[in-house]
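Fit chain V to the given chain C structure using the hints.
Chain order of the listed sequences is C and V.
Following the working numbering, the numbering of the first sequence begins with 1 at its first residue and continues without gaps.
Following the working numbering, the numbering of the second sequence begins with 1 at its first residue and continues without gaps.
Be aware that a few hints might be false.
Identical copies look the same in the list; a pair holds intra-copy or inter-copy alike.
Straight-line Cα separation of at most 30 Å, DSS-like style, residue types lysine-lysine; simulated pairs [claimed, not checked]: (1) 49 to 277; (2) 51 to 240; (3) 54 to 4; (4) 86 to 51.
FYI, nobody ran anything at the bench for these hints, they're computed from the structure.
These are the residues of each chain, in order.
Number of protein chains: 2
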Amino acid sequence: MSLKLTILGCHSATPRTSAHPTSQLLEIQNRHFLIDCGEGTQVQLRKYKIKFSKIKHIFISHLHGDHVFGLIGLISTFRLLNRDTKLHVYGPRGIKEFIVTQLRLSQSFAGYPIEFHELTSDKSELIYEDKKVEIYTIPLSHRIYTNGFLFKEKIGERKLNISAIKKHAEIEICDYQNLKNGRDYTLENGETIPNKNLTHNPSKPLSYAFCSDTSYKENIVPFIKNVDLLYHETTFLNDKKDLAKTTKHSTTKQAAKIAKLANVSKLIIGHYSSRYKDIEPFKTEAREIFLNTELAVEGLTFEL
Amino acid sequence: MSLKLTILGCHSATPRTSAHPTSQLLEIQNRHFLIDCGEGTQVQLRKYKIKFSKIKHIFISHLHGDHVFGLIGLISTFRLLNRDTKLHVYGPRGIKEFIVTQLRLSQSFAGYPIEFHELTSDKSELIYEDKKVEIYTIPLSHRIYTNGFLFKEKIGERKLNISAIKKHAEIEICDYQNLKNGRDYTLENGETIPNKNLTHNPSKPLSYAFCSDTSYKENIVPFIKNVDLLYHETTFLNDKKDLAKTTKHSTTKQAAKIAKLANVSKLIIGHYSSRYKDIEPFKTEAREIFLNTELAVEGLTFEL
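So that you can see chain C by itself, here it is in the shape it has in the complex (with noise of 0.2 Å):
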């Protein structure tokens, strides 16, 4: 079990000189996930030495720019760079046609298969699950349609105590799995040995919440409640929470209340209004409410 955050743009609005829109690189159970896309992230994503060709699938939380305008310079860049692997792109209705409209004007085109994944639900649904990790999108409120995403791991095969199972000489190899999946061990002698006799525990699940860009919004706790990490936007400070409220971002109290309310292990705030030239008031306000809150920045991780 292994969760690496990438921190590519923390910024809101406008893209500056040493400051970048929302974008981060999640890498869960050797899976890349891209979250978000604001102009520059290909450039982000080439500073940090990060493979394009691992990015399989980017979720986009809402169609405002700073979390978009990058998208299409980063599939025209695929190409260039000869992808042949398919593209899932999920997103908020619209993102095909924000997407298609631009390689239809340019003549151009991606050259590899893309699969826009268009969502409308305003209800938390899964929207990505393999054998291993699963997705859920996170309803949140902002000014246009916006999704935050819930990352998890599933729970992991039990694992071996080896130990334990040596003093069976009868126990092979290939009744290992069975052991993993979960299974009592019968001897030949028909005695039956339980599993928990013979294996640990799985490793505890890991999970990542991303909550960008929405207002104070207690109805998210459910979804978020006991993650161990939890990205949520502070665009202002405190004194600005009016300012929050007019146009639906939160505050550094506000997401440090909702983090406490879901017991999550660690916070992480970012998408700071361009009006702060100093960020580290955030953390101080954040942490007054909740300790354990780190503050987003370029070219940082987070690995659990």
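For chain V alone, coordinates are given in the frame of chain C:
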């Protein structure tokens, strides 16, 4: 008369950490014209400390991503900076749909007037004119409909020859504008003094031609004849001339030949393919044919 060209990006195809796609800012007669707008152009404008509010006219050569993917971001940022002055965008038919679709799907609006001037002609045409500057298209030959742009100062007023004027006490300051306009002066005694005895010739008007992307095309020579400054793409060195032909780009030697045929004063080359780590050979090759050749380099300015 003055002309200043700032290279914001001069590489082809994909943006990289230190290689940005095409964009240039031309300052001529205190007008600021942005030419092409690849992804990241707005960050380059900030890097080179160019005031966004000065840009009132943007010229897009063609709709390939490395010349236009930064436009939607720049247009959005103008709004966030509370722009209220009109923006004129000149580009191929489709440029309006390209931008408007993205604004619609992101439920955004410019917040200031934008006038799109969609170009369709395959002949050179006057697309902008004011009392000091005129701008013409230069039809180019690429894989998609593409124009270069010719920026020309108009011939200015004649310059007063103050020492000659002072010899005639009856010529007053209120007569000066007529002299600048080229009129002769008739003294009270009926004698006419020819204008050329009272004025000097105006400064030579300056001109700049931007030609990218294009295959080798001698037909453009009449349009760019004798310009002071010519930017002509050189995506490839001479050894890739077959690839240049296939992809409808130019080589160093082809750009230099165009410069020589057109008798321009100075040639700037750029739009380098990412396959070249060292761009010095571009200069060496081009100078074999046209000595006054300079490399485009990000942040570099050319002043006349």
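Status of each hint after checking the structure:
Taking the shortest Cα distances, residue 49 and residue 277 sit within 30 Å of each other both inside one copy (27 Å) and across copies (18 Å). Taking CA atoms no more than 30 Å apart as the test, residue 51 paired with residue 240 passes between copies only; the shortest distance there is 28 Å, against 39 Å inside one copy. In the homo-oligomer, the alpha carbons of residue 54 and residue 4 lie at most 30 Å apart inside one protomer (14 Å), although the nearest pairing across protomers, at 43 Å, exceeds that limit. In the homo-oligomer, the alpha carbons of residue 86 and residue 51 lie at most 30 Å apart inside one protomer (15 Å), although the nearest pairing across protomers, at 42 Å, exceeds that limit.
This entry satisfies every hint, going by the numbered hints stated previously.
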